[in-house]
Amino acid sequence: MLLTTEIKPIALGQSIFSAPKIATRQELQNQLEYINASKQEHSYSPAVGKLYDLALSYVEDAEKHAINGGRSAWVMGIWDSPLMYALDIVPISLTELGRLGSNDAMMIAEDYFQLPKETCSMVASVLGEWYLRRNHPVKEIIVFNRSCEPLNLGWELIADEGFTVHRIETVNRPRNNDPERLAEHVRFLAEEFEDLAIRLTGKPVDQARVAYEIERINRILGKVRKILDLRKNNPLYIRSLATMFLLMGSGHYFGKPEEYEAVVDLLLSELRVADYIQAARGKVIPLAWVGGRGQEFGVYKTVDDCGGAILAWSTPNVWRHDWVNARTPLESIALNMLGGPEGYGGSPVHRLKPIEELIEEYGAKGILFYSYVGCSFAGVHQEIQRDHFHKLGIPSISLEGSFQVGPPSGQLLTRVRAFVEMLS
Amino acid sequence: MRIPKKIKWKRYMKINAILADEKVSDLRPTTVIGIDIGSRQAKAVLVHGDEIHTTITASGVDSQETAERLIKKIGRQTGILHKDIAYVVGTGYGRIALDFEAFPSDVVTEISCHAMGAHFLNAGTRTIIDIGGQDSKAIKVDPDNGRVVEFVMNDKCAAGTGRFLEKVAELLDYKLEELGEKALLAEKTLEVSSQCVVFAESEIISLKVKGERREDIAAAIHFASARRVRNLVNRLGLEPELVFSGGVSNNQGMKRALEELIGHPFKTTKLDMVYAGALGAAVFAQRYYEGVRASTEREVA
Numbered sequence: 001m002l003l004t005t006e007i008k009p010i011a012l013g014q015s016i017f018s019a020p021k022i023a024t025r026q027e028l029q030n031q032l033e034y035i036n037a038s039k040q041e042h043s044y045s046p047a048v049g050k051l052y053d054l055a056l057s058y059v060e061d062a063e064k065h066a067i068n069g070g071r072s073a074w075v076m077g078i079w080d081s082p083l084m085y086a087l088d089i090v091p092i093s094l095t096e097l098g099r100l101g102s103n104d105a106m107m108i109a110e111d112y113f114q115l116p117k118e119t120c121s122m123v124a125s126v127l128g129e130w131y132l133r134r135n136h137p138v139k140e141i142i143v144f145n146r147s148c149e150p151l152n153l154g155w156e157l158i159a160d161e162g163f164t165v166h167r168i169e170t171v172n173r174p175r176n177n178d179p180e181r182l183a184e185h186v187r188f189l190a191e192e193f194e195d196l197a198i199r200l201t202g203k204p205v206d207q208a209r210v211a212y213e214i215e216r217i218n219r220i221l222g223k224v225r226k227i228l229d230l231r232k233n234n235p236l237y238i239r240s241l242a243t244m245f246l247l248m249g250s251g252h253y254f255g256k257p258e259e260y261e262a263v264v265d266l267l268l269s270e271l272r273v274a275d276y277i278q279a280a281r282g283k284v285i286p287l288a289w290v291g292g293r294g295q296e297f298g299v300y301k302t303v304d305d306c307g308g309a310i311l312a313w314s315t316p317n318v319w320r321h322d323w324v325n326a327r328t329p330l331e332s333i334a335l336n337m338l339g340g341p342e343g344y345g346g347s348p349v350h351r352l353k354p355i356e357e358l359i360e361e362y363g364a365k366g367i368l369f370y371s372y373v374g375c376s377f378a379g380v381h382q383e384i385q386r387d388h389f390h391k392l393g394i395p396s397i398s399l400e401g402s403f404q405v406g407p408p409s410g411q412l413l414t415r416v417r418a419f420v421e422m423l424s
Numbered sequence: 425m426r427i428p429k430k431i432k433w434k435r436y437m438k439i440n441a442i443l444a445d446e447k448v449s450d451l452r453p454t455t456v457i458g459i460d461i462g463s464r465q466a467k468a469v470l471v472h473g474d475e476i477h478t479t480i481t482a483s484g485v486d487s488q489e490t491a492e493r494l495i496k497k498i499g500r501q502t503g504i505l506h507k508d509i510a511y512v513v514g515t516g517y518g519r520i521a522l523d524f525e526a527f528p529s530d531v532v533t534e535i536s537c538h539a540m541g542a543h544f545l546n547a548g549t550r551t552i553i554d555i556g557g558q559d560s561k562a563i564k565v566d567p568d569n570g571r572v573v574e575f576v577m578n579d580k581c582a583a584g585t586g587r588f589l590e591k592v593a594e595l596l597d598y599k600l601e602e603l604g605e606k607a608l609l610a611e612k613t614l615e616v617s618s619q620c621v622v623f624a625e626s627e628i629i630s631l632k633v634k635g636e637r638r639e640d641i642a643a644a645i646h647f648a649s650a651r652r653v654r655n656l657v658n659r660l661g662l663e664p665e666l667v668f669s670g671g672v673s674n675n676q677g678m679k680r681a682l683e684e685l686i687g688h689p690f691k692t693t694k695l696d697m698v699y700a701g702a703l704g705a706a707v708f709a710q711r712y713y714e715g716v717r718a719s720t721e722r723e724v725a
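Protein sequence lines, in the order shown, are assigned to chains V and U. At position 110 of the first sequence (counting the first as 1) the number is 110 in the working numbering, and the numbers step up by one without a gap. So the working numbering is basically just the index in the second sequence, starting at one, shifted up by 424.
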């Protein structure tokens with residue numbers, strides 16, 4: 001059931017008790033319902049509505065593109081999209097599978113693939129959903145071996161179901177960011193991209209097209225940064241869930257680069273003149289989100305509804321800097337994938353300094369660390385980071401959420417709400 | 425081993441008889457209700473004049489219906505009418521479903537409410553162990569104001585929770601209320617490795633088949649569960665004074681196991697700590713009501 005409460009902005013200085021009540025009797029049941037509810041909450045913003053429309057039509061339109069003779073492929077949808085667009089392939093981010101998939105995916109993973117119940121919910125959900133989509137038109141999967149080992153095994157399992165899996169051998173950011181070693185890794189990855197292009201199209205990639213796509217992503221990231229900067233002064237104009245979609249879109253444009261950029265432009269122009277949206281509890285507690293791009297959308301809604309707003313984002317979508325120019329456009333992609341100037345790749349220790357800077361810049365009062373249930377890697381990352389920020393006196397909370405379709409657990413939302421209450 | 429006397433809690437008491445001395449003046453005579461809908465039990469605390477009234481019932485499937493039943497029940501106990509209630513705050517597992525038309529209301533998490541409730545009952549509280557029907561929590565509290573400083577929650581496994589202890593009581597053929605006291609009669613230390621509700625069943629059966637005494641098994645289960653809760657406290661770092669709240673706080677076996685493992689005694693309070701969350705909710709209800717009143721007065725002025 002959707003929320004039926006009409007949420008209207010209230011004037012500054014008005015009592016928090018006369019602010020519109022958020023009805024909570026009807027719980028939202030899945031990600032689609034959360035998207036629709038969020039769209040309704042943003043009824044004042046045509047740009048946010050269009051952003052969600054892009055997200056909701058993403059997979060279906062990419063599949064139609066394939067049916068109509070174009071080429072689409074499942075990818076990570078973060079560092080790889082410029083290369084895909086340069087190869088005339090519409091990239092479909094595999095994270096969409098959890099968000100827009102079906103309730104049956106987990107059952108397929110456990111019953112058909114016989115994955116243990118403790119398996120990472122992302123791996124199980126993605127495999128199950130691909131199996132359910134085995135008769136859909138997009139049958140190519142392009143992946144980096146850098147992904148976690150359970151996913152690497154997952155590629156093998158799904159290849160038996162009629163999918164063609166193109167794997168890219170990869171490397172990680174070297175320890176201590178050793179520049180010589182980093183240059184070697186960048187060269188290696190660029191060669192992998194060259195090989196991939198030949199495997200996919202039978203010919204070398206047009207480097208000028210890649211350069212064009214890098215120019216495009218840098219232009220878009222510049223605008224996204226402006227939006228996030230303006231949002232500091234009006235955090236709830238684009239609420240946290242919509243902002244997460246904005247950031248995810250910056251990685252793959254939902255398969256429609258021109259339309260996505262137009263939405264970004266519209267959003268920017270709306271924010272420049274937008275009225276301030278008052279929080280339900282008067283003042284907004286600025287927060288940082290660090291980790292996976294949570295699929296449990298109730299977490300974002302709870303943060304906003306109880307007086308918080310996620311202003312500082314540290315997710316796989318690196319947006320704070322332009323992509324760095326390297327010797328060749330393919331090396332630029334490689335360098336960015338390894339972390340670029342933010343140094344995100346490799347050990348989680350590389351992320352500590354950038355997160356510190358992010359928190360300072362956005363005035364975050366606390367950090368929400370987010371990982372998927374069963375992801376042992378992210379769990380360790382969280383602990384390293386939690387410990388670091390605890391010593392700096394910055395409060396944090398570690399959240400584990402499921403990847404697949406379904407409502408968030410009440411206890412997860414209790415933690416989020418209690419954390420915001422604690423900082424209020 | 426000496427079994428502590430079972431405390432008979434009264435359903436209403438004078439505020440100055442149960443609150444920490446330094447907190448008595450912080451409660452106003454305004455009539456408010458705090459409702460704590462747990463996964464197993466629903467509790468209500470009504471503050472009225474210089475009295476505090478409590479009531480408890482089993483949580484039903486419908487949280488709203490349970491809350492309304494509590495309000496009716498406490499109304500019958502006290503003669504307080506709906507129109508006299510200035511504000512209601514809901515908390516606990518079922519708070520998400522609460523939405524009253526008859527009263528101004530709000531919701532606050534059980535974490536904040538247990539902290540505030542414990543603070544009002546024992547102002548020096550810095551650490552709370554809260555074990556409820558379905559999860560356990562360690563909460564660090566600011567003794568200056570009762571606000572949460574940090575918290576950690578175990579919702580991954582049912583070990584030690586009311587739900588788990590219900591299952592154990594059933595397997596040992598005890599009533600839930602007597603399980604903790606029976607654990608205090610243990611004569612032997614047994615090892616129980618599994619604390620999962622599902623796997624504990626086979627382990628308990630296997631201990632019974634070996635001829636182990638039920639009291640010894642009960643004690644082993646309490647210690648195994650308490651070890652997990654101790655880990656939560658260790659993560660936060662124990663700072664006295666330590667308080668035990670939530671539905672399991674009346675379980676003497678768990679209390680003893682926790683005190684032994686943590687190496688620190690719990691402070692005793694003058695109100696059954698099952699009501700700590702509801703009391704905290706009532707405190708928030710008063711504050712919210714005062715906020716509304718102050719805002720209305722400003723607008724009128």
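Everything labelled a hint here was simulated from the structure, so no lab data went into it. As the structure is a computational prediction, the values presented were derived from the model and not from experiment. All residues carry an ideal CB built from backbone N, CA and C; glycine is no exception. Each hint should be verified, as a subset may be incorrect.
[Unchecked claim] The list that follows gives simulated cross-link-like pairs (lysine-lysine, DSS-like), each with its CA atoms no further than 27 Å apart:
1) U:Lys447 to V:Lys391
2) V:Lys283 to U:Lys564
3) U:Lys591 to V:Lys117
4) U:Lys447 to U:Lys591
5) U:Lys691 to V:Lys365
6) U:Lys591 to U:Lys438
[Claimed, not checked] Label-pair ranges, simulated between beta-carbon atoms:
7) V:Gly379 to U:Ser630: 31 to 41 Å
8) V:Gly363 to U:Gly661: 44 to 54 Å
9) U:Arg652 to V:Asp229: 51 to 61 Å
10) V:Lys117 to U:Lys634: 54 to 64 Å
11) U:Arg652 to V:Gly363: 51 to 61 Å
12) U:Arg435 to V:Ser424: 25 to 35 Å
13) U:His688 to V:Ala159: 36 to 46 Å
14) V:Lys283 to U:Arg659: 39 to 49 Å
15) V:Asp104 to U:Arg659: 35 to 45 Å
16) U:Arg659 to V:Glu149: 24 to 34 Å
17) V:Pro116 to U:Lys632: 25 to 35 Å
Hints, one by one, checked against the model:
no.	hint	in the structure
1	U:Lys447 to V:Lys391	33 Å, violated
2	V:Lys283 to U:Lys564	24 Å, holds
3	U:Lys591 to V:Lys117	23 Å, holds
4	U:Lys447 to U:Lys591	39 Å, violated
5	U:Lys691 to V:Lys365	32 Å, violated
6	U:Lys591 to U:Lys438	37 Å, violated
7	V:Gly379 to U:Ser630: 31 to 41 Å	32 Å, holds
8	V:Gly363 to U:Gly661: 44 to 54 Å	27 Å, violated
9	U:Arg652 to V:Asp229: 51 to 61 Å	45 Å, violated
10	V:Lys117 to U:Lys634: 54 to 64 Å	30 Å, violated
11	U:Arg652 to V:Gly363: 51 to 61 Å	37 Å, violated
12	U:Arg435 to V:Ser424: 25 to 35 Å	33 Å, holds
13	U:His688 to V:Ala159: 36 to 46 Å	57 Å, violated
14	V:Lys283 to U:Arg659: 39 to 49 Å	30 Å, violated
15	V:Asp104 to U:Arg659: 35 to 45 Å	37 Å, holds
16	U:Arg659 to V:Glu149: 24 to 34 Å	28 Å, holds
17	V:Pro116 to U:Lys632: 25 to 35 Å	30 Å, holds
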